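Student: Chains A and B are the protein sequences, given in the same order. If you read the first sequence in this note's numbering, its first letter stands for residue 1, the second for the next number, and so on. If you read the second sequence in this note's numbering, its first letter stands for residue 1, the second for the next number, and so on.
The set of hints was computed from the structure by calculation and includes no laboratory data. Any given hint could turn out to be false.
Here are the simulated distance ranges between beta carbons [as the list claims (entries may be wrong)]:
(1) A:Pro-91 <-> B:Arg-22: 33 to 43 Å
(2) B:Asp-36 <-> A:Arg-4: 55 to 65 Å
(3) B:Ala-78 <-> A:Glu-31: 47 to 57 Å
(4) A:Lys-106 <-> B:Gly-60: 19 to 29 Å
(5) B:Pro-115 <-> A:Lys-46: 55 to 65 Å
(6) B:Leu-2 <-> A:Lys-106: 20 to 30 Å
(7) B:Phe-52 <-> A:Thr-6: 19 to 29 Å
Coverage of chain B stretches by chain A, computed from C-beta distances (three or more under 8 Å per stretch; other residues unrestricted) [stated by the list, open to error]:
(8) 5-16
(9) 41-52
(10) 68-76
Since the structure is predicted, the reported quantities are computational estimates derived from the model, not experimental observations. Beta carbons are placed, not taken as given, at the ideal position from N, Cα and C, and that holds for glycine.
Chain by chain, the residues:
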Amino acid sequence: MSLRRTLATFLAPTTTVRAHCDLPCGIYDPEQARIEAESCYRTLEKYAASEDATFRTRALVIKEERADLVKHHLDVLWHDYFKPEHLEAVPNLHDLFWQANKQASKVKASTDVAEARKLLDLIDQVDAAWKATGGPGKTRLAGRPS
Amino acid sequence: MLPAITPGDWLLVDPTTRCWPRPGAIVVFREPETDDLAIKRVRARAGERVPFNGGFIVIGADEAWLEADATVADAQAAGYGPPIDSNRFGPVPVSQLVGRAWFRYGPPGRIGRLPGRIGRLPGGASGRP
């Protein structure tokens with residue numbers, strides 16, 4: 001090994017830091033949030049129908065994980081898909097996302113299936129907003145299952 | 001952080017100056033969302049205001065507002081999304097700062113001090129309220 005290479009090896013940093021930008025894939029669909037919210041709904045139904053303590057505990061853990069995923073998917077839509085110009089088509093956009101995220105938090109903390117139903121309704125409103133702003137044509141590949 | 005820092009730069013980081021960084025300093029910090037080590041420039045510190053979403057955010061005590069040098073338009077022109085900085089994850093607690101990057105010691109053709117205080121950025125911090 002040459003002296004230069006040895007020196008470079010000796011001096012090379014051992015820690016890497018990142019200065020990254022986002023790299024959005026450009027694919028967005030409220031269906032992701034909807035599926036996780038449906039999972040919360042169905043899990044709460046199963047929770048209510050069971051008397052097995054272990055099953056009920058597992059159901060709560062899974063429901064809370066799914067509710068977190070709902071919040072994640074809603075946030076991605078809110079931050080990355082929707083743009084200021086979309087407020088013309090959906091004037092209540094920010095309030096809608098705020099309400100939907102708050103509802104996801106309620107579902108996370110609750111065992112009431114009615115709260116999960118409310119979350120589904122709010123996600124359907126997000127879906128309507130996505131469609132009103134041309135989401136299906138702009139953010140999904142051709143051939144999306146209907 | 002182009003052009004101040006490019007991928008592959010070897011940087012010296014001073015951990016003794018991690019507290020109360022001056023606006024314009026380039027700092028290494030723990031990214032709030034991931035806990036990964038990241039590097040950005042201090043745009044505002046405690047008590048200063050930064051424009052945000054049509055209004056202003058006042059930076060709290062023991063916090064700093066960190067931003068990339070690239071604007072959203074610059075990043076998009078290069079094929080990326082918005083920079084991941086305080087506009088994404090909010091103010092960063094000073095306790096999350098690791099140190100100030102102040103000198104580039106490699107590669108050989110790029111050795112030298114990093115640009116320090118860069119003055120008022122366009123649309124930048126407006127000073128203490």
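Student: Each hint needs a verdict: does it hold in this structure or not?
Tutor: Taking the hints in turn, this is what the structure says about them:
1. A C-beta distance of roughly 42 Å is found between A:Pro-91 and B:Arg-22, which places it inside the suggested range of 33 to 43 Å.
2. In this structure, B:Asp-36 and A:Arg-4 break the distance hint of 55 to 65 Å, their C-beta atoms being roughly 32 Å apart.
3. The supplied range of 47 to 57 Å is broken by B:Ala-78 and A:Glu-31, whose beta-carbon atoms lie about 31 Å from each other.
4. The hinted range of 19 to 29 Å is satisfied by A:Lys-106 and B:Gly-60, whose Cβ atoms lie roughly 28 Å apart.
5. Roughly 59 Å separates the CB atoms of B:Pro-115 and A:Lys-46, a value that falls within the hinted 55 to 65 Å.
6. In this structure the hint that B:Leu-2 and A:Lys-106 lie 20 to 30 Å apart at CB is violated, the actual value being about 43 Å.
7. Restraint check, B:Phe-52 to A:Thr-6: a C-beta distance of roughly 49 Å breaks the suggested window 19 to 29 Å.
8. Counting residues of the stretch 5-16 of chain B whose C-beta lies closer than 8 Å to any C-beta of chain A gives 3; at least three are required, and the coverage claim holds.
9. Counting residues of the stretch 41-52 of chain B whose beta carbon lies closer than 8 Å to any beta carbon of chain A gives 0, which falls short of the minimum of three for the stated coverage.
10. Beta-carbon proximity to chain A at under 8 Å applies to 3 residues in the stretch 68-76 of chain B; the threshold of 3 is reached and the given coverage holds.
Hint violations for this structure: numbers 2, 3, 6, 7, 9, all remaining hints satisfied.
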